[in-house]
Amino acid sequence: GQNIDQPTEMTATEGAIVQINCTYQTSGFNGLFWYQQHAGEAPTFLSYNVLDGLEEKGRFSSFLSRSKGYSYLLLKELQMKDSASYLCAVRTYSGGYQKVTFGTGTKLQVIP
Amino acid sequence: DSGVTQTPKHLITATGQRVTLRCSPRSGDLSVYWYQQSLDQGLQFLIQYYNGEERAKGNILERFSAQQFPDLHSELNLSSLELGDSALYFCASSAGEAGANVLTFGAGSRLTVL
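Chains as they are written, first to last, in the working numbering: chain X, 1 to 112; chain L, 1 to 114.
Don't read these hints as lab results, they were simulated from the structure. One or more of the hints may lead you astray.
Partner residues are not named here, just some residues of chain L that face chain X (Cβ under 10 Å, in silico) [what the hints assert, rightly or not]:
1) Gln37
2) Asp40
3) Gln41
4) Gly42
5) Phe45
6) Gln48
7) Ala56
8) Gly58
9) Ile60
10) Phe64
11) Ser94
12) Ala107
13) Gly108
What follows is a set of in silico ranges between Cβ atoms, one per label pair, in the way DEER data are often shown [unchecked claim]:
14) Ile111/X / Glu53/L: 45 to 53 Å
15) Pro8/L / Asp52/X: 38 to 46 Å
16) Arg22/L / Gln109/X: 43 to 51 Å
17) Lys68/X / Ala14/L: 46 to 54 Å
18) Glu55/X / Asn59/L: 27 to 35 Å
Using N, Cα and C, we set each Cβ at its ideal position, and we do this for glycine too.
So here's chain L without its partners, still in its complex pose (with noise of 0.2 Å):
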């Protein structure tokens, strides 16, 4: 068990839908990242938070958005979903403001769109 808590750990639905992910990250850590890892691809930058507020954005979707909370537990979520979606959402978390310290990854949501 690494620290970082991400739900759900599997998730089916249906294009045009919408999902929500979640992480909690590992006690101490104020940062939070998440990643995309489609099958048989590298991970994909997302987005990433410290203490609340958005640090950095890779590639991510307009259809796509995040937060960090007060209690600094983050929130993905993912609308409009198309078929390309589908993949592994990791969190990480880190206890430094940015890839300062070594991320510590979730063990990631499985997203499956039919």
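If we strip away everything but chain X, and leave its shape as in the complex, we get (with noise of 0.2 Å):
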């Protein structure tokens, strides 16, 4: 099966940046995603990376490190906005198909 950890609560400052780890440990590995969820409403996509690196998309980022099964989630320039769940998703193939699943989510707050 899969295993999916990240940190189930942060609190950062409005403006600054904050990182958000996640660390996997799966066979079949095929992808990784992270999803934006706001309270009560539907995850969004925010990043894919399926290559070892840095994937840098406006004020988010994403790391992947394929070896260490370790990847986070870089917000820089943080707005109250950002206050949300954010969901690590990894991408499986096995016994012919793939399967996407997510960890339990960190809860980020950004305070003024």
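Each chain sits in its own coordinate frame; assemble them with the hints.
Here it is, written out as structure tokens:
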């Protein structure tokens, strides 16, 4: 099976930078996603990594190290609207099909 | 609007009852996924369909069943409901067969079992 670990909660200050880590143990790894979910709303796609390295997209960047089973999401110039849960999701390939498994998410609170 | 439509948005029912949740995927997407999210819990994968066929199964209870119809919409049936079934149920769709592409989520159906 898959095991995905993220911190449960984090707090950061408006305008600052925050890094949300995700570690995973899985077989058949085939990519990692980050999603944002505001309370009571649908998750929305933020980023995708399949190769080692950093993917930058505006204020958000995501990093992957496949050998270490590790990823992080970096949020710069934090805004109050960034208060949300951030879900790490791992895609695996097994038995002829691919599956996406979500971590429990990290609840980020941005304070003034 | 993500393009994935879920109905109903809210549903309140009693223990022992049966409900059906409906999902219409984004235009052109062939895969439909169902996830359950209980209060302050992560997204638990239930089941996935591709072009009408079941492709993957997660921790879906035997009391739950789903299907995808020829027009690609999907229904999740929950029966003999228990208090613990109260949750947000999300449907997501993707163009590829199984997570080959980004999942696009619907707004969810909030089920309350009293």
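Against the structure, the hints:
no.	hint	verdict
1	Gln37	9 Å, holds
2	Asp40	9 Å, holds
3	Gln41	7 Å, holds
4	Gly42	4 Å, holds
5	Phe45	6 Å, holds
6	Gln48	7 Å, holds
7	Ala56	5 Å, holds
8	Gly58	8 Å, holds
9	Ile60	13 Å, violated
10	Phe64	18 Å, violated
11	Ser94	9 Å, holds
12	Ala107	5 Å, holds
13	Gly108	6 Å, holds
14	Ile111/X / Glu53/L: 45 to 53 Å	48 Å, holds
15	Pro8/L / Asp52/X: 38 to 46 Å	44 Å, holds
16	Arg22/L / Gln109/X: 43 to 51 Å	34 Å, violated
17	Lys68/X / Ala14/L: 46 to 54 Å	49 Å, holds
18	Glu55/X / Asn59/L: 27 to 35 Å	31 Å, holds
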